[in-house]
Every structure is written in structure tokens, then in C-alpha cells.
Amino acid sequence: MLKYVSKKFLSMLASLFVLASATFFLMKLIPGDPFLREKAIPEKIKESLYAMYGLDQPIWKQYLMYLNNLLHGDLGMSMKQQYMSVTRIIKDSFVYSAQIGVLAIIVSVAAGLILGIIAALNHRKLLDSLTIVVAVLGVSIPNFLAASALQYVFGLKLRLLDVSGLNDWTDYIMPVLALSFLPAAFIARLTRSTMLEVLSADYIKTARSKGLSGRIILVRHALRNAILPVVTYIGPMTANIITGSVVVEQIFGIGGIGKFFVQSITNRDYTLIMGLTLFYGIILMVARFLTDVAYGFVDPRIKLSRGKGAK
Amino acid sequence: MAEKMLTPDDFAKLSKEEKKTETVVRESISAWKDAWLRLKTNKMAMVSLAILVVIIIMAIIGPWISELMGQDYSTNHLKEKNTSPNGTYWFGTDNLGRDMFARTWMGTGISLQVGFYAALADLVIGVIMGGIMGYFGGRVDEILNRFCEVLYSIPSMLIIILLIVIMEPSMFTIVLALSITGWINMAWLVRGQIMQLKNQEYVMAAQALGASTPRILFRHLIPNAMGPIIVTLTLTVPSAIFAEAFLSFLGLGVQSPSASLGTMINDAIKAWTLYPWRMWFPAAIISLMMLCFNIFGDGLRDALDPKMKK
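Residue numbers (UniProt numbering), protein chains in the order written: chain A, 1 to 311; chain B, 1 to 310.
Please note: incorrect hints may appear among the correct ones.
[Claimed, not checked] As a list, the in silico EDC-like pairs of lysine to aspartate or glutamate whose alpha-carbon atoms are at most 20 Å apart: (1) A:44 x A:56; (2) A:28 x B:168; (3) A:7 x B:149; (4) B:43 x B:302; (5) B:198 x B:141; (6) A:61 x A:74; (7) A:7 x B:302; (8) B:33 x B:201; (9) A:61 x A:47; (10) A:91 x A:74; (11) A:8 x B:298; (12) A:8 x B:142; (13) B:198 x B:142; (14) A:61 x A:43; (15) B:270 x A:128; (16) A:28 x A:269; (17) B:43 x A:269; (18) B:43 x B:298; (19) A:28 x A:92; (20) A:125 x A:197.
[To be verified] Facing chain B, according to a computed beta carbon distance under 8 Å, are these residues of chain A, among others: (21) 18; (22) 140; (23) 145; (24) 243; (25) 266.
Note that these hints are calculated values from the structure, not bench results. Since we're looking at a predicted model, the values are computed, not measured. We treat Cβ as the ideally placed atom computed from N, Cα and C, and that holds for glycine.
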């Protein structure tokens, strides 16, 4: 087990290194330089600016400097937001994104599992078909549409919730709902199909013939096995929620990381793009690593199959 | 037991009627036809297919219809900005007074093209790489597989965004960026299929007859792996359209005066409390398209899956 975890950890570090290098060299490919303005800057000032940001050094030295700074958690200064370091921006805004993101994960897992189980227990009945409809709609409607529709109906027409901002707890409802729509639909579908498979398995029949109550069978025997594929979905779900949060934060006017990400792209604020990309990359890769580890713990078969290089 | 005696009757010719009983009247059903027959019974999938066909046809003839009506997608009617749908402008006009009917169908066309080209690129790269990995196996497979794993471990959306920030956004660069990371799933799928198929007798027979490697790969192996490949392709198209819409939201979509459904929705969101109809048509079409591609893809998977046979 330890070997499996450390192997996964090393491969995560390797991927992070590749991502960090890729962002660095891709950003160096951009023509022009950050201090190119409409007004020409005096040569002297330009030189000292270059020296300050280390841009006068040869590229390999810049690369080493960049990696060294990364190790110390320094992502550089934003080019367009005056006097703001990228780390500072992340520190200030991550709270909001994290709150919404974590809530969305909880909501989607809970809603997805419940919907999936209900559908599987009512196989080929009305509730099942309804769940399928919701699930297909969930993966078919782009989240910016879902978000604006929610905003329109509850914020503007019914005036039940605030249109934007994040001031009291009711303000969390719409962003979290908009974010969890797609992952919840996906989990519902996943749970439904595995539950159907599991419910027809022999050991469920055995449990039933032993006279166990329906609830115990459902929770102890069926759900435990049906939850496995959901665990593997943690990684992709994090990715979904991050891309989703970029959109949702913009629409609901929440000052989270997603909003800065959109801003950095529209302003072509290269250091900020780079820093936020890396930050997102780290979150995603850690999520994927945790998925692998969790999977190793939940599924006892993985220890055996890893031995002989199953993949 | 008494030995049965042969009589001359036993050697009489069959009558015409008797001959007929021996012929196979029913047409032989190929695997594809079988799949089609099963797909046809899936009503939801067929309805989706019909809607998709209508949308594709409209994407082709829509701009042409609006030309007949004396409109096009890029002319600004500045006096008639943000008008609601009426007789002249069937879908209304946008913030620059451009005809939404023409723009919507042109945008549909561009979104579809992004989807199809991305799927096509995935198909070509994925089949070639997956074919090589699966067929040769061993060292080649190991190296390529490691390469895929590293590429796959980097979050694709981030790479796509970075690439488009660097290259100016256009349909070509969007498709390019999407396919740089998109082909890996296809390659793994093909690899798995080929590894299963390559040990079958008919491949050995082909090798014994001296068929070249590309011939075995493309004439014998790939066609037999076509089912899952097609299903994956049907599901790649909507996810590429989705990705393009997301990029549009970041301002990295297809650039003005040309438009995709994503860019149109993004433009409309900015003022959609005032002019909601600018949102309705592109949003309805993109959602409908996603829905139909997903349902049709699911139906296709069920139809091509031999396990689903009753």
C-alpha cells in the first residue's frame, strides 16, 4: 500500500513539474514583452524594470529562478493589478471559491447518490425515467445557461434571492446549485447503472434470503459496492467544478479565483494567468492523487492487481 | 434391423417446390445492419437523430435563407439595435443591429464544425497512435503509453486556455488546442480494442498470406474496432462544442464578426435582463444539440453493444 501511494505521489510531482515548465516556456513564446505600452518608456526605466523582474537574464537562468520561486510559494507579481502579488490575489480570493466549490461537491455527491439509488430501486418506472431525464439534461445544458436561468427566475422574476454577491447564506444557494447540476447528473447516472448491476448480484440474493431488512441490504451490501465508481469520479468532478466556478463566479459577481482568472485572460495579464493556471493545476493533481489513494483504500482488489502491472 | 434398400426413387430429381425449401430466403444481416435495426427501435435516439439532421440542414441553408430575405450576419443596422423578433428580423437583432437569424444559423454551423473537426482530429491521431500501441505492443507500447499518461495527467482545459492565449483565437487554433489533448482517450480505446483483436485467427491468416502491417491494421483490425470508435466520436462532438462555448465565455472563442453559438450566448448574457431574446435562440439550439448528441450517442452505444442483444 505504501509503495502504491508513494508511486502515485511521485507521478503527481512529475506531472506538476511538467505543467510548471510547460506554462513557463509557453509564456515565453508570446511575442512582445510585458512593458510594451502605447507610450514609450525611457530606456533607463525599462532597463531597471527588466532587472527588477529578472528579464535581463538568459532564459535558462530565468527558468531556474522561476522554479526556485515556485518552491518558495512565490508566483510573482501581477502585471496589470498594481502592487499585487499573485500569491496575495490567490490568498484573498480562494476562500470564496473554496467555500462554493466544497459545498457544490457535497451537494452533487449527495444529490447524485440519492437520485441514482431512487432510480435503480424503481427500475423502469416513472421515477427512473424522470431521473434519466434530469441526468441527461444535466450533462446537456452548459453551466452558464443554467446559472443565468437560475439568476433570471429566482433573482429577477421571483425576487427570492439576491442576484449577485456573497453576503449571507442565501447567496450561496444559486451558485452552488448551478455548479452542482452537471456533476450531480453524472453521479446519478453512474450510481444508477452500478446499483442496477449490484442489485442483481448473487450476494444480494443471499442477503435477501437470509431475511435481512431492505435497508441493511441497501446500505451495507449494495451501496458500498455501488460507491466505487463515484470515488473514481472525484478527480474529473474537481475539474468540472473548477471550470464551472470560473463561469459561475463571473455570472454571480463573486470575487473568487475564477473571476480573477477570467480577468487575467481578458487583460492578458500573463503572470497572473500563469500563476492561476499553476494553482488550478496543483488543486486538480492533488484531487487526482487523493482519488487514487482513496480508491486504493476502498477497493481491496487494487493491491492484488497492481502487483503484476495490470495496466 | 433390416437393411434399408435403396430404390430408384431415392435418386429422382427434386421437384421445383422441394428445391425452394433449401434456399435461404432471408437476406443475411451484417453486423452494421443489425445495429441499425436495433437503433431504429430506440425511439428517443431516432428522434434525436432527426432533430440533429434538421439542425445541420438549417446550419447549411439558414444563412442562405436569410440572404434571400435580404439579410446577412455582419451588416450593422444601427437604427434597429436590440429589436425583438419581428417580420424582418425573425430572431431579432443584437447590440450592433445584426440580424440574429443569420447569425444564429451561422453560429450553429461554426459550433458544429468545431465539434466535427475536433472529433476528426481525435479520430485520425487516436486511431494511428492507438493502432501502433496496440499492434506492436512491447517497448513501443510502453514508451507511447507513458507519454500519453504524462500528457493526460496535465489538466487539459488549462493547456487549452494557455495555447489559445498564445495563438490568437480562431476556429483553427481552437480545434488544434482541443485535439492536442483530446486524442488520448481515443488512442487508449483503440489500443485496447486492437490488443483484443490481434490474436484472433483471421489476423494470423492475413499474416500468413503475407499482408503488410498497415493493411492488417487498417483493413482488418480497425474496421472491427469501429463500433466503440464511432460511439466515442458521437460523444466527442458535443464535448468539443461545450469546450468551445466555455472558451467563448472567457473571450477566447471564435472572434467577431464571425460567431459561434458560444460567443453569441456570451454576448447576450451581458444584457440579457434587458434583451432576453438574444439569449433564447442560441441557448435553445446549443442545449438541444447537446441533448440530441448525448441521447443519440447513448442509443448508438446500446445498439452496437453485443451484450445488449436479446
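Requested in this report: Provide an ascending list of the numbers of those earlier hints which the structure does not satisfy.
Outcome: Numbers 7, 8, 11, 14, 15, 17, 19 - these are the hints that the structure violates, sorted from lowest upward.
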